[in-house]
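In the order they appear, the protein sequences are chains Z and U.
Each residue of the first sequence is one higher than the one before, starting from 1 at the first, in the working numbering.
Each residue of the second sequence is one higher than the one before, starting from 116 at the first, in the working numbering.
Heads up, some of the hints might be wrong.
27 Å max Cα-Cα, derived BS3-like pairs, lysine-lysine [said to hold, decoys possible]:
1) LYS17/Z - LYS157/U
2) LYS157/U - LYS226/U
3) LYS116/U - LYS183/U
4) LYS223/U - LYS183/U
5) LYS226/U - LYS11/Z
6) LYS11/Z - LYS157/U
7) LYS116/U - LYS15/Z
It is worth saying that the hints were derived from the structure and are not from the lab.
Here is how the chains run, residue by residue.
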Amino acid sequence: GAGVSQTPSNKVTEKGKYVELRCDPISGHTALYWYRQSLGQGPEFLIYFQGTGAADDSGLPNDRFFAVRPEGSVSTLKIQRTERGDSAVYLCASSLTGQGVNEQYFGPGTRLTVT
Amino acid sequence: KQEVTQIPAALSVPEGENLVLNCSFTDSAIYNLQWFRQDPGKGLTSLLLIQSSQREQTSGRLNASLDKSSGRSTLYIAASQPGDSATYLCAAKPSYSGAGSYQLTFGKGTKLSVIP
């Protein structure tokens, strides 16, 4: 079956602009996660959804970052007033559930460059 | 706060060698540990997941072990091939509940180069 997909694969934007990054999880997966990976680093957790609700947003760096998952499937990560420090690869993952042993499957990522 | 360390940061071996990648974590209260492979400019591919109650998992030429008490996991790759060249990351999932309990904490990875 299809894996996790993310669009766009690359996004270049100017400082101060608004961007939206989209994630399509594996069909039937109720848990969805967003991570951010800077160059030479491992991914860092941003937010976790169980169904439609954000069950844990403790990793969001500030209030410029927001994510939604209105129908419990596709999720959108939204970044307002982008800064150069937001440049990174944004990875989305999904798992069958968030409870217990939950192998996370990752998408290819969106590379965001803020100029 | 959980910290995951992977040493070495980079490793170069000739084709055919067996090799071991190391992962250490500071908090032994983990639910499971997952090993991933990342090719340049790509996302993460899950290789193996070891539950906290398990000692090891095997898939083909890969074998991952887990020693919770010492805070260590190793990924053993047998008979390495040039196609194994990639960055290998390990990630730990905490066993407690509540905020932060669903996230994976990653190491920075080991960049492996297998020379033909």
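Mind checking the alpha carbons of LYS11/Z and LYS157/U for me, to see if they're no more than 27 Å apart?
holds, 15 Å
Would the pair LYS157/U and LYS226/U pass a check requiring their Cα atoms to be no farther apart than 27 Å?
holds, 14 Å
Given the hinted pair LYS226/U and LYS11/Z, is their alpha-carbon gap at most 27 Å?
Distance ~26 Å between LYS226/U and LYS11/Z Cα, so the pair holds.
Decide if the proposed pair is consistent with the structure: LYS223/U and LYS183/U, CA atoms, cutoff 27 Å inclusive.
holds, 20 Å
Has the given pair, LYS116/U with LYS15/Z, been kept, meaning a C-alpha gap of at most 27 Å?
Outside the cut-off at roughly 32 Å; violated.
Hint check: LYS17/Z vs LYS157/U, CA-CA at most 27 Å. Holds or violated?
holds, 25 Å
Are the Cα positions of LYS116/U and LYS183/U separated by 27 Å at most?
holds, 16 Å
Violated hints amount to a single one, hint 7; each of the other numbered hints is respected by the structure.
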